[in-house]
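Chemist: Sequence:
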Amino acid sequence: MRIGVLGGGQLGRMLALAGLPMGLEFVFIDPAKDAPMESIGRHICANYDDETALDELASRADIVTYEFENILLSSVDYLSRKVPVVPSRKALEISQERLFEKSFLKKIGIPVGQFCPIDSLDDIENAARVTGLPAVLKTRRFGYDGKGQRVVATIDELTTAVREMISVPLILEKKIDFKREMSMMVVRNLSGETAYYPLVQNEHRRGILYTSAAPAPNIESLAGIAEEYAGKLLTALGYAGLLTIEFFETDEGLLVNEFAPRVHNSGHWTIEGAVTSQFENHLRAILDYPLGSTDLTGYSKMINLVGALPSFGEIAKFSDTHIHYYGKSPKPSRKVGHITVRGNDFNTVEKKADEIIRLIEVVY
-3 MRIGVLGGGQ LGRMLALAGL PMGLEFVFID PAKDAPMESI GRHICANYDD
47 ETALDELASR ADIVTYEFEN ILLSSVDYLS RKVPVVPSRK ALEISQERLF
97 EKSFLKKIGI PVGQFCPIDS LDDIENAARV TGLPAVLKTR RFGYDGKGQR
147 VVATIDELTT AVREMISVPL ILEKKIDFKR EMSMMVVRNL SGETAYYPLV
197 QNEHRRGILY TSAAPAPNIE SLAGIAEEYA GKLLTALGYA GLLTIEFFET
247 DEGLLVNEFA PRVHNSGHWT IEGAVTSQFE NHLRAILDYP LGSTDLTGYS
297 KMINLVGALP SFGEIAKFSD THIHYYGKSP KPSRKVGHIT VRGNDFNTVE
347 KKADEIIRLI EVVY
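Quick note on numbering: our numbering labels position 288 of the sequence shown as 284, and the sequence is numbered without any gaps.
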């Protein structure tokens, strides 16, 4: 069985590393000559809208998936006429446009923060009334890791930001006063079997995920609600594959920030920290195999390596600590690897993770 993947970044690399022991082969489209998956799968070096490349992918793959959501829908439509593409086009279309995403979540009864589109300077005052200030101005497409967004506290700041960003569609979102940021991975196969990973607690720095702690502490009253929202979303999308939902915990309960129809950075801990990783379960789901257990193997904390790589020997001295390099050359703000600390005691894991964080260099 051969899996086609749109995108050859670190998520695609980890998908392949999970799939090779399952007897799967992989073929990727990625425009980068030095894409991280280069050494572990066939690489079609081309743009995602190159029909010759798409034809080659379709001819070599039994099924196609994707590792990031900023894929042209026209490319998915083209491929879908030749080979199954999972997850669904609907999930991709909604998740890659923030106004569609927020509106869809609200429509199916999942709480989100206040939001309002801004298509011209004339929309500024109404948008500010809807969301209140401070708020976050975002591009409606293509933003990730803090890119394409700006916090604004006054009408003057908002007006200035809109003038600078109005070349693309924008959305203004209420700035949420949250207690913590969280996420949950959920997976469903084509037959409808569903499994949930626990809520994890995330910390971001300059808009980039820095750490994820699994399971998040004190989630007894939240886990059922998160699973309820995830179930609603899976049903409304007719979804198969792994899906990630990002939450804000507030005084009023959980709000959904966004969802990603793919494996996710905040789930990297599952490689060592769960019986079945998010990557293996995504592959099981799209192939309609029985899902693997999402039970934990202990407490885990994932630390992103941003902009710089520590030496393996420096980290290897810490017991039950696992380092993953992505094969990417370090540069500021680039995720080049991650470390997962694992153990049977939450406090021990936290203490060890803090020691490692003091050792590693982060370059934003």
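Incorrect hints may have been included.
Cut-off 20 angstroms, straight-line C-alpha distance, at most; resulting in silico cross-link-like pairs (SDA-like, lysine to any residue) [said to hold, decoys possible]:
(1) LYS175 with LYS228
(2) LYS171 with ALA149
(3) LYS331 with SER307
(4) LYS143 with GLU52
(5) LYS228 with PRO213
(6) LYS347 with GLN197
(7) LYS324 with GLY5
The hints are simulated quantities; they were obtained by calculation from the structure and are not laboratory data.
Chemist: It remains to establish, for every hint, whether it holds in the given structure.
Modeler: These are the hints, each one checked on the structure:
1. Taken as a hint, the LYS175 and LYS228 pair is broken in the structure, with Cα atoms around 24 angstroms apart against an allowance of 20 angstroms.
2. Proximity of LYS171 to ALA149 is assessed by CA-CA distance (about 10 angstroms); at most 20 angstroms being required, the pair is judged to hold.
3. Straight-line distance between C-alpha atoms of LYS331 and SER307 comes to about 16 angstroms, which keeps the hinted pair within the 20 angstroms bound.
4. Annotation: proposed proximity of LYS143 to GLU52 is violated, straight-line Cα distance about 33 angstroms (limit 20 angstroms).
5. Restraint check for LYS228 and PRO213: not satisfied, since their Cα atoms lie roughly 24 angstroms apart, outside the 20 angstroms limit.
6. For the hint pairing LYS347 with GLN197, the CA-to-CA distance comes to about 16 angstroms; that is within 20 angstroms, so the pair holds.
7. Among the hinted pairs, LYS324 with GLY5 is consistent with the structure: their alpha-carbon atoms are about 9 angstroms apart, no more than 20 angstroms.
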